[in-house]
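Participant: Using the sequences and the hints given, assemble the complete structure.
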Amino acid sequence: MQPPIKYGAIFALIGLIIKLSVYLSGFSIEGYKYVTLAYLFLLLLAIALSVRYLYNETYSIQFKEYFKEGLKAGALFTVFISLFTWLYYAKIDTAFLQHKIDERVSYIANMPEKELRQIMEEKNLTRQDVIAQTKQSAETIFSPQFQSTATLIGMMILSAFYSAVLAAIAKSKLFPKG
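Note that the working numbering numbers the sequence shown so that position 35 is 31, with each residue one more than the last.
Source of the hints: derived by calculation from the structure; they are not laboratory data. It should be emphasised that the depicted structure is a prediction, and the values quoted were computed from it without experimental measurement. Incorrect hints may have been included.
What the hints assert, rightly or not - 25 Å max Cα-Cα, derived SDA-like pairs, lysine to any residue:
1. Lys64 with Val161
2. Lys96 with Phe157
3. Lys169 with Tyr49
4. Lys2 with Trp82
5. Lys169 with Phe157
6. Lys131 with Glu26
7. Lys96 with Ile149
8. Lys131 with Thr90
9. Lys131 with Ala86
10. Lys96 with Tyr30
11. Lys60 with Gln(-2)
12. Lys2 with Thr145
13. Lys29 with Gln143
14. Lys131 with Ala105
15. Lys119 with Ile104
16. Lys87 with Gln143
17. Lys29 with Leu9
18. Lys87 with Ala134
What the hints assert, rightly or not - Pairwise CB distance ranges, derived in the manner of DEER restraints:
19. Leu20 with Glu135: 24 to 34 Å
20. Ala146 with Thr54: 34 to 44 Å
21. Gln58 with Ile6: 19 to 29 Å
22. Lys131 with Ser168: 48 to 58 Å
23. Glu109 with Leu9: 48 to 58 Å
24. Ser168 with Arg123: 54 to 64 Å
All C-beta atoms, glycine included, are put in the ideal place defined by N, C-alpha and C.
Facilitator: Have a look at this one:
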């Protein structure tokens, strides 16, 4: 198995285990920020190890080769995590997204009258219309499809950035050899 595929798959699996552990321990609502940070760190590790592997094998190679190697691992990691994100929110923890929707609607419903009036005047809506519009927007944003798509796009952009930075580091020979 090619190292980028191996690293992408291994770190995605670790990410899935972390996400499920947080869910099973009952901290999915409080711990989602930490899971996101763990995903970002695991993505960086998958890319770094892939680039470093190529660096150790060839040592003198072009920037684009390092970049492609890192992007392979990042893309695989991202696709696995995005698919799991959809599965997780659609089938495993359906209450999480509903909690987020309720949180948004509650925020608008309990907003100070002065601020709510300003929104109502700007959009020419009634109080109930503002709440209904907020709920509709929240239901779109906090859907499994939107979350997995946002994860895919965001992590692919980050994969390209991480790969470029690590390829530049490898090209400048700042990685320790060995």
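Participant: Would you mind marking each hint as holding or not holding in the structure?
Facilitator: Right, here's what the structure says about each hint:
no., hint, in the structure
1, Lys64 with Val161, "holds (12 Å)"
2, Lys96 with Phe157, "violated (30 Å)"
3, Lys169 with Tyr49, "holds (13 Å)"
4, Lys2 with Trp82, "holds (23 Å)"
5, Lys169 with Phe157, "holds (18 Å)"
6, Lys131 with Glu26, "holds (22 Å)"
7, Lys96 with Ile149, "holds (21 Å)"
8, Lys131 with Thr90, "holds (17 Å)"
9, Lys131 with Ala86, "holds (19 Å)"
10, Lys96 with Tyr30, "holds (17 Å)"
11, Lys60 with Gln(-2), "holds (18 Å)"
12, Lys2 with Thr145, "holds (24 Å)"
13, Lys29 with Gln143, "holds (14 Å)"
14, Lys131 with Ala105, "holds (10 Å)"
15, Lys119 with Ile104, "holds (14 Å)"
16, Lys87 with Gln143, "holds (14 Å)"
17, Lys29 with Leu9, "holds (18 Å)"
18, Lys87 with Ala134, "holds (19 Å)"
19, Leu20 with Glu135: 24 to 34 Å, "holds (27 Å)"
20, Ala146 with Thr54: 34 to 44 Å, "holds (36 Å)"
21, Gln58 with Ile6: 19 to 29 Å, "holds (26 Å)"
22, Lys131 with Ser168: 48 to 58 Å, "holds (51 Å)"
23, Glu109 with Leu9: 48 to 58 Å, "holds (50 Å)"
24, Ser168 with Arg123: 54 to 64 Å, "holds (59 Å)"
Violated hint: 2 only; the structure is consistent with all others.
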